[in-house]
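S.K.: Based on the hints, put chain B in the right spot on chain V.
Each protein sequence line maps, in turn, to chains V and B. Each residue of the first sequence is one higher than the one before, starting from 280 at the first, in the working numbering. Each residue of the second sequence is one higher than the one before, starting from 2 at the first, in the working numbering.
Calculated directly from the structure, the hints in this document are not laboratory data. Heads up, a few of these hints could be off.
List of simulated lysine-lysine pairs, DSS-like, C-alpha gap at most 30 Å [claimed, not checked]:
no., chain 1, residue 1, chain 2, residue 2
1, V, Lys-336, B, Lys-45
2, B, Lys-45, V, Lys-347
3, B, Lys-45, V, Lys-389
4, B, Lys-72, B, Lys-45
With beta-carbon atoms standing in for the labels, derived distance ranges [as the list claims (entries may be wrong)]:
no., chain 1, residue 1, chain 2, residue 2, range
5, V, Ala-318, B, Lys-28, 24 to 30 Å
6, B, Met-6, V, Glu-391, 49 to 55 Å
7, B, Glu-69, V, Glu-288, 35 to 41 Å
8, V, Arg-338, B, Gly-17, 47 to 53 Å
9, V, Arg-345, B, Val-13, 40 to 46 Å
10, V, Glu-391, B, Asn-54, 44 to 50 Å
11, V, Gly-319, B, Leu-115, 16 to 22 Å
12, B, Ser-31, V, Ser-346, 32 to 38 Å
Note that CB positions come from ideal geometry on N, CA and C, so glycine has one too.
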Amino acid sequence: GQNIDQPTEMTATEGAIVQINCTYQTSGFNGLFWYQQHAGEAPTFLSYNVLDGLEEKGRFSSFLSRSKGYSYLLLKELQMKDSASYLCAVRDIGAGGGNKLTFGTGTQLKVEL
Amino acid sequence: NAGVMQNPRHLVRRRGQEARLRCSPMKGHSHVYWYRQLPEEGLKFMVYLQKENIIDESGMPKERFSAEFPKEGPSILRIQQVVRGDSAAYFCASSAQGARGEQFFGPGTRLTVL
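Same shape as in the complex, but just chain V (with noise of 0.2 Å):
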């Protein structure tokens, strides 16, 4: 099985720096998503990490090392419209091809002024 730990929230300031954590175990590692999803909307992607390392992408950046099985997602310049849910999810070559994602509970992140 699969299990898939994060903060379930935390609170940043507008124009600050925000770490999400994300620690994972899983029997067949095939990549790690971000995703930030809006109350009542749908997850949207934000990065994509199959090897290890930082990806960035604008004011977002995210980083995965597979032996210690942890991602991080990194927020700067915080904005009040980045208040939301990010998930954690992982891929794992199981049964059927392997392209079930497994989500942890998200981290709601609140912006303040």
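M.R.: Using the frame of chain V, we list chain B on its own:
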């Protein structure tokens, strides 16, 4: 280029009725996934389908739930004899490739069982 489409967006059913949720993948995508999100919980995988085939249904409840993705038309998630515990948001996602494709999510169908 339209994204993943789901309908209806909101569905209300009484206990014992049937619910049918539809999903049209993004143009060019042949892989469809259904996820369920209960209030205050994370997304849970239900089923992964390609055209006319169920690839992985390890997350589907054993009874009352079924899914299909016919050669023509949208993917359908069908819930028979709904119960209050089925109330949730049901999200569909699609990808262009199976094991390597990024999944794009639809807006979801919010099912309420009275």
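S.K.: Each hint should be assessed against the structure and marked as holding or not.
M.R.: Structure-based check of each hint:
1. V:Lys-336 <-> B:Lys-45: The hint holds at about 27 Å.
2. B:Lys-45 <-> V:Lys-347: holds (24 Å)
3. B:Lys-45 <-> V:Lys-389: Holds, at roughly 24 Å.
4. B:Lys-72 <-> B:Lys-45: holds (26 Å)
5. V:Ala-318 <-> B:Lys-28: 24 to 30 Å: At roughly 28 Å between Cβ atoms, Lys-28 of chain B and Ala-318 of chain V fall inside 24 to 30 Å, so the hint holds.
6. B:Met-6 <-> V:Glu-391: 49 to 55 Å: violated (36 Å)
7. B:Glu-69 <-> V:Glu-288: 35 to 41 Å: Given about 38 Å between the Cβ atoms, the range holds.
8. V:Arg-338 <-> B:Gly-17: 47 to 53 Å: holds (49 Å)
9. V:Arg-345 <-> B:Val-13: 40 to 46 Å: holds (45 Å)
10. V:Glu-391 <-> B:Asn-54: 44 to 50 Å: holds (48 Å)
11. V:Gly-319 <-> B:Leu-115: 16 to 22 Å: holds (20 Å)
12. B:Ser-31 <-> V:Ser-346: 32 to 38 Å: Distance hint for Ser-31 of chain B, Ser-346 of chain V holds at roughly 34 Å.
Hint compliance for this structure: hint 6 is the single one not met.
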